[in-house]
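Take these sequences, add in the hints, and give me the full structure.
Here the protein sequences come in this chain order: X and S. Per the UniProt record's numbering, residue 1 is the first one in the first sequence, and the count goes up by one each step. Per the UniProt record's numbering, residue 1 is the first one in the second sequence, and the count goes up by one each step.
Everything labelled a hint here was simulated from the structure, so no lab data went into it. Keep in mind the model is a prediction, meaning the values are calculated, not measured. Be aware that a few hints might be false.
You can't tell identical chains apart in this list, so a pair holds if it fits in one copy or across any two.
[As the list claims (entries may be wrong)] No more than 25 Å apart at the CA atoms, straight line, and that leaves these computed lysine to any residue pairs for SDA-like:
1. K3 - Q52
2. K104 - G123
3. K145 - I14
4. K127 - N62
5. K35 - L88
6. K77 - I14
7. K77 - T56
8. K3 - M143
9. K77 - S45
10. K104 - K127
11. K127 - D67
12. K145 - E128
13. K145 - A133
14. K35 - E137
15. K77 - A13
16. K127 - Q26
17. K104 - D47
18. K77 - L88
19. K104 - S46
20. K3 - Q114
21. K104 - S45
22. K145 - P113
23. K3 - E49
2 protein chains.
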Amino acid sequence: MEKRILGLDPGLAIVGFGAITLQQTQGKVQDFSVKMLDFGVIRTSSDMEMSQRLATLFDDLNTLIDDLQPDLVAIEKLFFYRMANTILVAQARGVLMLVLGQRKLPYVEFAPPQIKQALTNYGKADKEEVQEAVMRELDLEEMPKPDDAADALAVALTAAFQL
Amino acid sequence: MEKRILGLDPGLAIVGFGAITLQQTQGKVQDFSVKMLDFGVIRTSSDMEMSQRLATLFDDLNTLIDDLQPDLVAIEKLFFYRMANTILVAQARGVLMLVLGQRKLPYVEFAPPQIKQALTNYGKADKEEVQEAVMRELDLEEMPKPDDAADALAVALTAAFQL
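Put into structure tokens, the structure is as follows:
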């Protein structure tokens, strides 16, 4: 059985996305393998007013989901950093969640420490360790860029490991 | 010239709305008057998962705007209280802003101290003083309930005074 998982790293200026396929084979021993399908970012320009940036996110995420047809979405929970920034990211994340709701797409959410734990067995791993785990698990020769896309692949992998 | 202003008090469980008309008459002295048009709340149930609550907000705000046909929307800026709550409200506010963006509706934003200042001439006025000003300005016999609807009328009035 194959499952497509779309990982999302929420943001206002940049939303990272990373899609993987999870292949589960049921033999004597249940086995599974993951493969990279696509990754990249959705960007919105700070020249636009907020409501237009959110409308762009809405349209672009819908297009992305039309293209990738995921079975499951994995979306990162917000990490508290600076308050003003957190509010902007939360507003953008609300639009992403809306799209999942409108399309009745199943989704799972993970906080950063859960993602780190799933990929490195250490909840406080640093960015580089997580990215190396992403490369290893997906058998990649180069690190996906920008970081937001790599982060999105990490969220997708966390969902795959949980299934 | 008449202008319809829709005030919004963002939230996840409850979004307050309050619509007023602003009548500007141009005689020897420019004069204006405000009238209450409608007020109420949009509610989403905590029994629904987040993405469905946001989809409900999206649909209900679109219906409300279809009904009221505002010329301008005035939306309250987020006030920082508890972090977890602020994130939930910000996600909901993102959906409200998205609707404004999709409909290309002009909007203005005011922080709570700006609203208090506009209605009472005192940026740190308490809730009761602001509500009394709303009643006085709109010539109401009773306080609009719940508080979220009264707050939304206060935002709409702030926009009217600024015009």
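Hints versus structure:
1. K3 - Q52: Answer is between; shortest inter-copy Cα gap is 23 Å, intra-copy 33 Å.
2. K104 - G123: Close neither inside one copy (31 Å) nor across copies (44 Å); limit 25 Å.
3. K145 - I14: within (12 Å within a copy, 40 Å between copies)
4. K127 - N62: neither (29 Å within a copy, 41 Å between copies)
5. K35 - L88: neither (32 Å within a copy, 34 Å between copies)
6. K77 - I14: both (15 Å within a copy, 22 Å between copies)
7. K77 - T56: both (21 Å within a copy, 21 Å between copies)
8. K3 - M143: Within. Shortest intra-copy distance 23 Å satisfies the 25 Å Cα cut-off; inter-copy 55 Å does not.
9. K77 - S45: both (23 Å within a copy, 21 Å between copies)
10. K104 - K127: neither (32 Å within a copy, 39 Å between copies)
11. K127 - D67: Neither: 29 Å inside a chain and 49 Å across chains, both beyond 25 Å.
12. K145 - E128: within (13 Å within a copy, 53 Å between copies)
13. K145 - A133: For K145 and A133, only the intra-copy Cα distance (15 Å) is at most 25 Å; the inter-copy one is 54 Å.
14. K35 - E137: Classified as within: same-chain Cα gap 8 Å, cross-chain 63 Å, threshold 25 Å.
15. K77 - A13: Cα proximity of K77 and A13: in one copy and across copies (17 Å, 20 Å).
16. K127 - Q26: neither (34 Å within a copy, 63 Å between copies)
17. K104 - D47: For K104 and D47, the Cα distance is within 25 Å only across copies (16 Å; inside one copy 32 Å).
18. K77 - L88: both (14 Å within a copy, 11 Å between copies)
19. K104 - S46: between (30 Å within a copy, 17 Å between copies)
20. K3 - Q114: within (21 Å within a copy, 51 Å between copies)
21. K104 - S45: Close across copies (17 Å), not inside one copy (28 Å); limit 25 Å.
22. K145 - P113: Answer is within; shortest intra-copy Cα gap is 21 Å, inter-copy 42 Å.
23. K3 - E49: between (37 Å within a copy, 23 Å between copies)
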